[in-house]
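2 protein chains.
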Amino acid sequence: MAHYSRLSKIVIDVPAADHDRELAFWSAAAGQPLTRFDAHPEYHGAPLHGTESGLLIQRLGDGPGRVHLDIHTDDLAAEVARLEKLGAERVQQVHSWWILRDPAGLLFCVIPEPVGSLNDSNAQRWG
Amino acid sequence: MAHYSRLSKIVIDVPAADHDRELAFWSAAAGQPLTRFDAHPEYHGAPLHGTESGLLIQRLGDGPGRVHLDIHTDDLAAEVARLEKLGAERVQQVHSWWILRDPAGLLFCVIPEPVGSLNDSNAQRWG
Chain B
889 MAHYSRLSKI
899 VIDVPAADHD
909 RELAFWSAAA
919 GQPLTRFDAH
929 PEYHGAPLHG
939 TESGLLIQRL
949 GDGPGRVHLD
959 IHTDDLAAEV
969 ARLEKLGAER
979 VQQVHSWWIL
989 RDPAGLLFCV
999 IPEPVGSLND
1009 SNAQRWG
Chain G
889 MAHYSRLSKI
899 VIDVPAADHD
909 RELAFWSAAA
919 GQPLTRFDAH
929 PEYHGAPLHG
939 TESGLLIQRL
949 GDGPGRVHLD
959 IHTDDLAAEV
969 ARLEKLGAER
979 VQQVHSWWIL
989 RDPAGLLFCV
999 IPEPVGSLND
1009 SNAQRWG
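Taken in order, these protein sequences are the chains called B and G.
Following this note's numbering, the numbering of the first sequence begins with 889 at its first residue and continues without gaps.
Following this note's numbering, the numbering of the second sequence begins with 889 at its first residue and continues without gaps.
Certain hints may be false.
No copy labels: a pair is met if it fits in one copy or bridges any two.
[To be verified] Within a straight-line C-alpha distance of at most 25 angstroms, the following computed DMTMM-like cross-link-like pairs (lysine to aspartate or glutamate) qualify:
id, residue 1, residue 2
1, Lys973, Asp906
2, Lys973, Asp908
3, Lys973, Asp950
4, Lys973, Asp926
5, Lys973, Glu1001
6, Lys973, Asp962
7, Lys973, Glu940
8, Lys973, Asp1008
9, Lys973, Asp963
It should be emphasised that the hints constitute simulated quantities derived from the structure, not laboratory data.
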């Protein structure tokens, strides 16, 4: 079965002490109010101007600030398996998504989307 | 005078030792061959599927791997001044662009684009 994926979100991970200033800064810098996600209140986000991509700010419990990427897919198991074959390693499943490590050691996430939301016009088809 | 800007590029900065594996991985992960920039051969890049945004891989001379964001603008001085007022700090000018530090200490870049390339349909208008 074919599945789809796309690089979909830029996530700025911020220590709690810097969170509110960082959220205000990037909301104003991007010109988009970043609103809190009800289901995951540690995240604020907004679409980016003229794209289907989005910017997220995540409040961290601990650890240093960083930026990471989210790949969205309509088949989580198939996409994680595809990325593992390319050289990524599974780190941890969190909620409905997977954290992976790329060949240079950088973390990124693979996030499931409903079947039907990704297609040839907005994502890459595999298989 | 009004000017425009947008969050335009995701840049994966990679130590030289990991560069080739990282470049191969993200080209395959995104399904887009990342091609070398003639003017700045330390960068490879490609547009992201269905967007005006792009993914870049930068080969680092030193320092740890990380991900950073690029804001593109048609008025570099006005955009850097706007971002400084919001709480960013100038770090260094490199080639034609500026490296800034956001309120949480993360680095990002502001890149000049030709006047006329950004407009109400693909960017945010300021002023």
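Is the C-alpha distance from lysine 973 to aspartate 962 at most 25 angstroms within one copy, between copies, in both cases, or in neither?
within (18 angstroms within a copy, 41 angstroms between copies)
From the Cα coordinates, with 25 angstroms as the cut-off, is the pair lysine 973 and aspartate 926 best called within, between, both, or neither?
Neither, since 35 angstroms and 31 angstroms both go past 25 angstroms.
Quick one: lysine 973 to aspartate 906, C-alpha cut-off 25 angstroms, is that within a copy, between copies, both, or neither?
between (37 angstroms within a copy, 17 angstroms between copies)
Homo-oligomer pair classification [aspartate 950, lysine 973; C-alpha up to 25 angstroms]:
neither (31 angstroms within a copy, 28 angstroms between copies)
What label fits lysine 973 with aspartate 908 when the C-alpha limit is 25 angstroms: within, between, both, or neither?
Cα proximity of lysine 973 and aspartate 908: across copies only (16 angstroms, versus 39 angstroms in one copy).
Quick one: lysine 973 to aspartate 1008, C-alpha cut-off 25 angstroms, is that within a copy, between copies, both, or neither?
Within one copy, since 23 angstroms is at most 25 angstroms while 41 angstroms is not.
Given a CA cutoff of 25 angstroms, do lysine 973 and glutamate 1001 count as a within-copy pair, a between-copy pair, both, or neither?
This pair counts as within: shortest intra-copy Cα distance 21 angstroms, inter-copy 38 angstroms.
Intra- versus inter-copy proximity for glutamate 940 and lysine 973 (alpha-carbon distance at most 25 angstroms)
Neither, since 27 angstroms and 29 angstroms both go past 25 angstroms.
Alpha-carbon proximity context of lysine 973 and aspartate 963, limit 25 angstroms:
Classified as within: same-chain Cα gap 16 angstroms, cross-chain 43 angstroms, threshold 25 angstroms.
This entry does not satisfy hints 3, 4, 7, going by the numbered hints stated previously.
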